[in-house]
Amino acid sequence: MTPYAFFVQERREYYRRHGVPVEFTAFSKECSSLWKELKDDEKSRFQKMSEDDKERFRKESASYHASLGQPYRDSNSKRGRKRKEPGQPKRNMCAFLHFCAEKRPKLRVESPAASIGALAKQLSLAWKVMTPDQKRPYEDMAMRDKLRYEQQKQAYEAGYSAAVTQQGAPGTGGGGGGGANSTSSAPAAPTLGNAAALSRAQFDGQKPIYHPRRKRKDPDMPKRNMSAFMFYSKAKRPHLRAQNMTLRVGQLAQILAAQWKIMSPSEKKQFDDMARKDKERYEMQLKAYRKGEYIPMSDQHDIDQICNMYQ
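According to the UniProt record's numbering, the sequence shown holds residues 1 to 311 in order.
Derived from the structure by calculation, the hints contain no laboratory data.
Mixed in with the good hints, there may be bad ones.
[What the hints assert, rightly or not] As a list, the in silico SDA-like pairs of lysine to any residue whose alpha-carbon atoms are at most 20 Å apart:
1. Lys234 with Leu256
2. Lys236 with Asp218
3. Lys48 with Glu10
4. Lys103 with Met143
5. Lys39 with Gln9
Starting from the given sequences, assemble the full structure and let the hints guide the process.
Now the structure itself:
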């Protein structure tokens with residue numbers, strides 16, 4: 001929590017002890033005003049509380065990530081974790097993490113209401129009081145896991161190097177040589193040994209795809225004008241729905257579109273007039289919106305009025 005949050009918390013507790021009712025807006029304004037008037041030496045107490053709370057959170061987060069076998073990055077560390085390559089071996093775990101992996105399920109059954117942080121604390125305390133003989137099985141597990149990781153890592157890196165050599169440098173053939181052989185040779189087929197490495201080599205050549213965010217529409221903008229067909233659908237859909245209660249929305253739209261196509265210009269005229277009036281309404285409201293003179297509440301009322309004019 002921030003120093004100001006601790007100050008507000010203390011002020012709220014003061015009101016609670018004295019039975020003073022708190023109204024949120026007035027209380028927020030009062031706290032803001034009082035905080036601005038505090039001297040630096042008076043604020044230092046709340047800053048110390050904030051620093052202690054930050055350190056508590058850092059330790060609990062580190063303990064939690066350690067219990068899951070994950071590295072911990074605090075808010076001051078650089079963002080952006082390096083992407084794990086396809087087929088890359090899983091890192092080895094230390095003796096304490098092997099202990100946690102074995103004991104956590106049993107502890108969870110015994111204490112189902114305990115939080116993850118509380119479980120991590122219990123595991124950490126249990127590990128600290130264990131004797132070297134009690135820790136030895138987990139240290140042996142950690143040693144075997146380390147050998148496993150080193151062997152898999154060597155095989156992975158060897159497969160990656162072989163795949164890059166087979167693919168060759170840009171502009172050359174698969175074997176890296178020149179001449180006719182380089183133009184006719186095909187890339188080596190991936191095998192079980194180098195499939196992951198080939199995936200990594202192919203991944204390295206890709207560029208991330210950037211999807212720009214869609215600009216959020218201002219909710220106070222005027223409602224766009226409707227087309228003649230949209231006015232026709234608005235007028236006929238309730239009647240069509242009453243006659244065919246089992247039709248889905250897509251089926252209703254198909255029927256309305258088919259009816260619209262066979263209508264004569266004279267039959268479409270009233271809906272064309274509605275669309276023209278609605279376009280004038282939209283352009284007028286958009287002009288007022290750009291000038292800052294638009295009142296966002298009358299769109300649907302104006303559209304309904306246009307519909308009523310032709311009924």
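Would you check the hint for Lys236 and Asp218, treating anything up to 20 Å between C-alpha atoms as holding? violated, 31 Å
Are the Cα atoms of Lys48 and Glu10 separated by 20 Å or less? holds, 14 Å
Hint consistency between Lys234 and Leu256 [alpha-carbon to alpha-carbon, up to 20 Å]: Holds. Lys234 to Leu256 sits at ~10 Å (cutoff 20 Å).
Starting from Lys103, check that the Cα of Met143 is at most 20 Å away, please. Status holds; Cα separation ~19 Å.
Hint check: Lys39 vs Gln9, CA-CA at most 20 Å. Holds or violated? holds, 18 Å
Going through the hint list in order, the structure does not satisfy hint 2, though it satisfies all others.
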